[in-house]
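Q: So you can see what is in the structure, the chains are spelled out below.
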Amino acid sequence: MSVKHALLALLEQQPMYGYQLRVEFEQRTGTTWPLNVGQVYTTLTRLERDGLAAARGEDAEGHVIYEITAAGRDEVASWFTTPVSRDQPPRDELAIKLALAVTVPGVDVGTVIQQQRSATMAALQDYTRLKRQAGRDVPTEPSDLAWSLVLDSLVFGAEAEIRWLDHCEARLRRAAIERPAAGTPTAAPASERSTR
Amino acid sequence: MSAREAVLRLTDVSRVHGSGANEVHALRSISFAAYPGELVAVMGPSGSGKSTLLTLAGGLDRPTSGMVTVEGTDLDRLSLDGRARMRRTSIGYVFQGFNLIPALTATENVALPRELDGVPARQAREDARRALAEVGIGELADRFPDDMSGGQQQRVAIARAVVGERRLILADEPTGALDTETGEEILRLLRARCDAGAAGVLVTHEARHAAWADRVVFLRDGVVIDETGADPVELLTEPAAR
Ligand SMILES: Nc1ncnc2c1ncn2[C@@H]1O[C@H](COP(=O)(O)OP(=O)(O)OP(=O)(O)O)[C@@H](O)[C@H]1O
Ligand SMILES: [Mg+2]
Chain A
233 MSVKHALLAL
243 LEQQPMYGYQ
253 LRVEFEQRTG
263 TTWPLNVGQV
273 YTTLTRLERD
283 GLAAARGEDA
293 EGHVIYEITA
303 AGRDEVASWF
313 TTPVSRDQPP
323 RDELAIKLAL
333 AVTVPGVDVG
343 TVIQQQRSAT
353 MAALQDYTRL
363 KRQAGRDVPT
373 EPSDLAWSLV
383 LDSLVFGAEA
393 EIRWLDHCEA
403 RLRRAAIERP
413 AAGTPTAAPA
423 SERSTR
Chain B
49 MSAREAVLRL
59 TDVSRVHGSG
69 ANEVHALRSI
79 SFAAYPGELV
89 AVMGPSGSGK
99 STLLTLAGGL
109 DRPTSGMVTV
119 EGTDLDRLSL
129 DGRARMRRTS
139 IGYVFQGFNL
149 IPALTATENV
159 ALPRELDGVP
169 ARQAREDARR
179 ALAEVGIGEL
189 ADRFPDDMSG
199 GQQQRVAIAR
209 AVVGERRLIL
219 ADEPTGALDT
229 ETGEEILRLL
239 RARCDAGAAG
249 VLVTHEARHA
259 AWADRVVFLR
269 DGVVIDETGA
279 DPVELLTEPA
289 AR
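Sequence lines, in order, name chains A and B.
First residue of the first sequence? That's 233 in my numbering, and the numbers climb one at a time after it.
First residue of the second sequence? That's 49 in my numbering, and the numbers climb one at a time after it.
It is worth saying that the hints were derived from the structure and are not from the lab.
Note that this is a predicted model, so its numbers are computed, not measured.
Each residue gets a CB set at the ideal place from its N, CA and C atoms; glycine is no exception.
Residues from chain B shown here face chain A by an in silico Cβ test under 10 angstroms; the list is partial:
no. : residue
1   : Trp260
2   : Glu275
3   : Thr276
If you want a taste of the chain A side facing chain B, the calculated C-beta under 10 angstroms gives, among others:
no. : residue
4   : Gly342
5   : Gln347
6   : Ala351
7   : Ala354
8   : Leu356
9   : Arg361
10  : Lys363
11  : Phe388
12  : Ala390
13  : Glu391
14  : Glu393
15  : Ile394
16  : Asp398
17  : Glu401
18  : Ala402
19  : Arg405
Turn these sequences into a full structure, and let the hints steer you where they fit.
A: Below is the structure:
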């Protein structure tokens, strides 16, 4: 994630000090991607070094206030108008885990899939509970709206993961039927886990 | 005796279709319960037995072995009439196809089961209109099913299932023909009925809809293989029941 661009975009709204930036960031994104204050200050130092932001003195309590520069504004504008690159997808631990589970002998891929599906479903239930609490009305406050969009993104992400797991399971079953040799990974249920 | 009685309980239920080489084990000795105030989602691939589970729960089909009880009544012990009555008064059912009666308007479709059950026509229709408004198609109350879109018909079917004081709501892919926004409205409605004390069972292949449930049960080949968010009451009562 580009902390640099996120902070610059916040500074475009108004000059702020480090802690304030963190609060504003979390108001929009929940605590989904927590920022520590140290990270905020190192980023501010780098922004200053690169001429994208500048310290403009202290407020009454001694907080150093940062403001965006003209170069910073250009940088934000180009960030917003450039699509997030997909040529280097972020490393996906689950995809890697399944890719290995399918090839490493003796791994019960069906169980790996089902355990993940349950865990992702539980997370999706949590997100949905948050959405339910928020009610059916579309939030009008910009930062609430921002957070609800982030929540939607988490919902879509979890949903996509579950669909992908369903798809993997279906394909593994087909493969197992078409090639019923020994050592074929089965998508058979972890029946011992269901005996409640 | 548990503090809360399950509204729906399937005990060791199997359903076998056909015989010999054509034998299909749609459900294999499954146990399942839904408590008042609870919405349970059932997920699984096509053919895993979801609709079979629901039709047995709704008394539309009978198990090959095992027992189905609704509010403590063994459905198999009821006469045909008794079962039909149970279906009209206690159980709301949303079919995978909508099963609306083409010759009746939306309001009449929703009001019919209750009128059959002796609720005065005026009141049944008034309640029907309110239920249609709740699912967002109040203005279509006098339309016939053939003059509505798939999603609108689906909402009539949902209104029919939730109208009145149904204790058990069984919904088979109720959001199938709906866009995400409308689908969400329907879940809010189901959820509200459950929060008000009904038990709901929702069959869906959409994870985002299943996530509205308190528990998600996963079916594979007629077997419950896993579930999330198991109800503590269930965990406490089940072992003792075995
Ligand atoms: N009347 C019937 N005669 C024979 N087999 C049947 C009958 N009804 C259902 N089956 C079989 O029982 C199994 C379970 O069917 P069911 O309709 O419960 O699946 P489902 O999980 O609802 O699937 P879908 O997601 O496609 O609706 C399937 O293999 C199906 O072919
Ligand atoms: Mg079905």
